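From just these sequences and the hints, can you work out the full model?
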Amino acid sequence: MEANLTSIVSAVSGESLELCYHCHKCTAGCPVVGAMEYGPDSILRMVALDQRDQVLRSRDIWLCAGCYTCATRCPNDIDIAAVMDALRQEAVAAGIPAGERDALLFHRLFLGVVKRLGRSHEAVMLGLFKVLSHVPIYRDMGAGLGLFLRGKVPILPERTRAAAEVRQLFERSH
Amino acid sequence: MEYSYYPGCSAHSTGLEFGLSTEATFRHLGLELKEIPDWNCCGASSAHSLNHQLALTLPARNLALAQQAERDLVIPCAACFSRVKGADHALRTDARKRAEIEAAVGFTYTGKLAIRPLLSVLYEDVGLGRIHDEIRRPLTGLKVVPYYGCLLVRPPQVTEFDDPNDPHVMPDLLRAAGAEVRPWSHATDCCGAGLSLSRSDVVFNLVGRLAERAREAGADALVSACPLCQMNLEMRQSGKEKLPAFYFTELLALAFGLPEAEKWWPKHLIDPRPLLRSLGLIGAVAPVRAAA
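Chains A and B, in that order, are what the protein sequence lines are. Here my numbering is used: the first residue of the first sequence is 1, the next is one more, and so on. Here my numbering is used: the first residue of the second sequence is 175, the next is one more, and so on.
Heads up, some of the hints might be wrong.
[What the hints assert, rightly or not] Mimicking DSS-like on lysine-lysine, the simulated pairs with C-alpha atoms at most 27 angstroms apart in a straight line are: (1) 208(B) - 441(B); (2) 414(B) - 130(A); (3) 271(B) - 115(A); (4) 271(B) - 130(A); (5) 130(A) - 437(B).
These aren't lab readings, by the way, just hints derived from the structure by calculation. As the structure is a computational prediction, the values presented were derived from the model and not from experiment.
Below, the structure is given as C-alpha cells:
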C-alpha cells in the first residue's frame, strides 16, 4: 500500500503536520496567497486528508516563495515552507506535472548549471529559460540587456575547482 | 580583524555593486575579508525546492572549507546566508542529518564556526560609535526605508539575527551615517524572490506594494541587504516614477567619502544619481554649455 502523504511529508521535512490547529496565521501572512488556489492552511488540511492528487497537482506548492513568514508565525512551530518543499519533491518523484511549469523549469535549469559549473551562471540559465519557458520571449529583454550592458551578466562562467566536487555532491544527495 | 568571506555567485554578476561596496567598506574599516578558496553555489531556493539533501550538502561544502580557517564566516547575500546557516543548524541539531551530510561532503563538523551577515559584523564588531566617527559626508536629507527581505531574519531560530518583525540593526547604521530613516511596517515583507522570472506578475504586485508603502512613509529610496531583493526592487517596479534602491553598503561607503562609490551608481537599473545630486550628496554633472 502506498504511504499516506502525511508520513511522506513528515519523513522529508521533519515537520509534525498533525500539530496544526488551523489558526490560519500562515494563510493570513502569506505574500503569494492571492495567486494560490487553496492557501497554505488548506494545503495542510488536504495533506492530512490525504488528498494526494489535488495537493500535488496544485500550483500552490510551486508558488510558495520560501519566505518563512508562515514558519515564523506558526504557533505550533510547523515549518510550512519546508512542508511545501517536501510536497514539490514528492510531486516530481511521482511524475506529476508541476502546477507552475515554469517554476519547476527555472529550478531545474538553475541546478543543471550548478551541477556542471559548481556555481550559478546567469547568462546560460536566463538564455535557456527564455527559450524553454512559456514566458513570452520578448519579456524582460530590456532589463536583460540593461544588466548585460552594466556588466552584470558575464558571458564566461568562472572556472573553479569546486565543479568536480559539486558534481559528486549531486550524485551523493538523494 | 580577519574574516572568512563567502561572496556568493551574485557578487560577481547581478549583485556586482553589493560585492564591490562590501569589499570597499570592509577595507576602509580595516577588516580583512579572506575569500574561501573554491567555494560553490549554495543551491539557493532551487536546491531546497527539488532536493532537500542537496540543499544541505551544497552549503555544507562551503562550511567545511570555512571551518578550517577558524575565523568567523561573513556572507553578504541574504539567500546564501540563509542556506549556509540553515545547513549549520541541521548539522548542530539533527544527528541523523549530520551523519548523512558529513558522509556526503567528507568532513567532520566541529560546530565552532560562526556564520554572520555583514550587518552583524558592522553592528557588533565595528559598532555604531566607530561608524559614526568614520562619516565624512553625512547622508543629510536622504529619506530612506530599510528593506531586509526575508532570509536575514527568518526563520529566527536558524538566522539568530535581529528582530524578524521590527529589525533595528540596518536602521541604526543608516542613522549613524546621517540618513533619515522613515518608520514603516514592511522591512521584512517578501519581494517574491525566485518567482521573478516564472511569475513576474506576482513579483510586480509585491514590489509595487513595497514601493507604494515606502512612498507613503515619506521615503525617497529603499535600502536593501540582499542581491535578489535588490534585483526585484529595480526590475519589478512599474510606472514612470520609480524609487531608487541602494545596498546599505553603498550608502555607508558614500558616507565614508570613498571615491569608488561613483562607479557603482551607473550599475543600477534605476539610476540613483538624480536623487543623490538633488541632495548635494554627489557632485553635479558637468554644466551644459550655454548656447552661443
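Hint by hint, here is what the structure shows:
no.: 1; hint: 208(B) - 441(B); verdict: holds (25 angstroms)
no.: 2; hint: 414(B) - 130(A); verdict: holds (26 angstroms)
no.: 3; hint: 271(B) - 115(A); verdict: holds (22 angstroms)
no.: 4; hint: 271(B) - 130(A); verdict: violated (37 angstroms)
no.: 5; hint: 130(A) - 437(B); verdict: violated (30 angstroms)
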